[in-house]
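Please put together the full structure from these sequences, using the hints given.
Read top to bottom, the protein sequences are chains S, Z and L. Residue numbering for the first sequence follows this note's numbering, starting at 213 and increasing by one per position. Residue numbering for the second sequence follows this note's numbering, starting at 272 and increasing by one per position. Residue numbering for the third sequence follows this note's numbering, starting at 10 and increasing by one per position.
Incorrect hints may have been included.
[Claimed, not checked] With the Cβ distance kept under 8 Å, some of the chain Z side facing chain S (calculated, not the full set): (1) Arg277; (2) Arg279; (3) Arg290; (4) Thr334; (5) Lys338; (6) Asn339; (7) Phe341.
Hints in this document: simulated from the structure, not taken from any laboratory. Think of the CB as a built atom: it goes at the ideal place given N, C-alpha and C, for glycine as much as any other residue.
The lines below spell out each chain.
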Amino acid sequence: MPSPRLAALLIAAALPCAGLAQQDTQKEVERYRQLLAEGNPADLFEAKGEELWKARRGPKNASLEQCDLGLGAGVVKGAFAHLPRYFADTDRVQDMESRIVTCMVTLQGFTPEQAMKNPFSAPGRPSDMEALASYVAGESKGMKLDTPLAHPKEVEAFRVGEQLFYRRAGPHDFACVSCHGDNGKRIRLQDLPKLTDPNDAQKIFTTWPAYRVSQGSVRTMQHRLYDCYWQMRHPQLDYASEASIALEVFMAKYANGGEIRAPGLKR
Amino acid sequence: MAEPMRIRANMTGDKVEVRVLMAHEMETGQRKDGSGKLVPAHFIQNVTVTCTGRTVLSAQWGTSISKNPFMHFRFKGGKPGDKVTISWVDNKGERRTDEAVIAGG
Amino acid sequence: MKRFSPLVLLALAACATGPADEEARQRAEQVFRGSFTHGNRAIAARVEKQDEAQALCTRYRNEPPKDVAEKIESTEAAGIRYPVPGKFLGDWRQGEKIAQDGYGLRFTDPDTKRPNGGGCYNCHRIAPAEISYGTVGPSLYRFGALRGAGEPVQRYVYGKIYDAQAYLACSQMPRFGKNGVLTEEQITHLVALLLDPQSPVNK
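Here you go:
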């Protein structure tokens, strides 16, 4: 039986070792992220998106250059920083992606089905929406997220999003809060932001859309939510659904003030 | 027919800065599919970048390059309006060539 | 620039479980139902209905008052199905596989005979060789070494994996047995992973 002093020394020596393996892993992950950050494939999606924005397309052979993303027709710079928001012409709250769809329909003459046909790219099937979203988001890079919460429909969307955030369901009893309700946690090696903590939300929410290395493409917030629900053992979330927009309004409230660094780069 | 590369080339000071994202599965030959069978190796072996007839980059790749390779590099001797041509050949003999015009700085 | 109108602040303040909250909940249910319309219908039916614990834990945001918590715990405990007496400990090698495997019940997991995994490493540190572990739940490393592997501990571990809410109402841990994610036999393999002295968890 070691003396109390020796025992204390042994315990003190043993404790850091438990954390050391974890620290090494974190360091390597950080190093990997730094290497990746020196060149973001999302740049190429932004360029493609700008091309698509200015191209005459659809039955009306028109570009998206007159699209009103909330700051007036034709204003792209800064618009993403104020989305989601209420739009009088559609009488509903819309996020960036659903608003691009609206413009594809009203300006270019596509049907909603055509505009929403391929929101998430797959091998051999690149998605225009991912490029367009990269371009629009990139035009707000460096600005602070500042979404409104004044119109009654915006408030309603927040409250609906809040309910959905805590809604536990399915065989794993998962809600958004199951993974995003605490500070300093991770799934496997993927750090999890506490989405109701501005400290986390301001840094993370504003990195979407992002090039996801594991997906080999830029992925948008719509895809992030779709992917979350997949992991939560829920069915496929409808693209640009009311639930998705409500959740974005909820998250944006806590992320407001954060600097927009989209399109970002993630695993 | 392989998917097109996404290429961007612009001036940065006196150099041409090129970013290219290639679409390729880059299978190492060591991965097993859902039913436990080995997925055969299929990866880009050679990459060549030329500008106005001159080779500015030549690369020999192996299985450690991951899926959808992204390259970011700079070279001297190009100017706005010149074409940058990028070609790759993989271990199955499949090939792809795409080009981009150098934009101003 | 005025960001929040007084009406908004009032609405947001009505956060407690009052009538405004119930109205928001009903509206949210409506929105939820209308937002998964193109997906797998069987999976949609599975999530549209919340069972009692899910509904209560949603309502109280996982911090139920004492009496509600006690009721949840006793209800869940009563539903635990134990294996044949004395057979809580299965095979830790199979337990490690189940702990690593995240397969099952997602809309991309086809209806095959492949058993579901537990996905335990997503949230827990378990055997020391696996460094890609999550921290949503506590570390389980040396679980058996620290607690012994007597029958009461075996029963506890089995019950906790079968239905974590029998021990902690509104725990974020899935109720693997009760919800049919894992079979009783699979759970015994996980019990062995944590408690068997030969398991790498305890060496």
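Cross-check of the supplied hints:
no.: 1; hint: Arg277; result: holds, 4 Å
no.: 2; hint: Arg279; result: holds, 5 Å
no.: 3; hint: Arg290; result: holds, 6 Å
no.: 4; hint: Thr334; result: violated, 17 Å
no.: 5; hint: Lys338; result: holds, 6 Å
no.: 6; hint: Asn339; result: holds, 4 Å
no.: 7; hint: Phe341; result: holds, 5 Å
Of the numbered hints listed earlier, the single one contradicted by the structure is hint 4.
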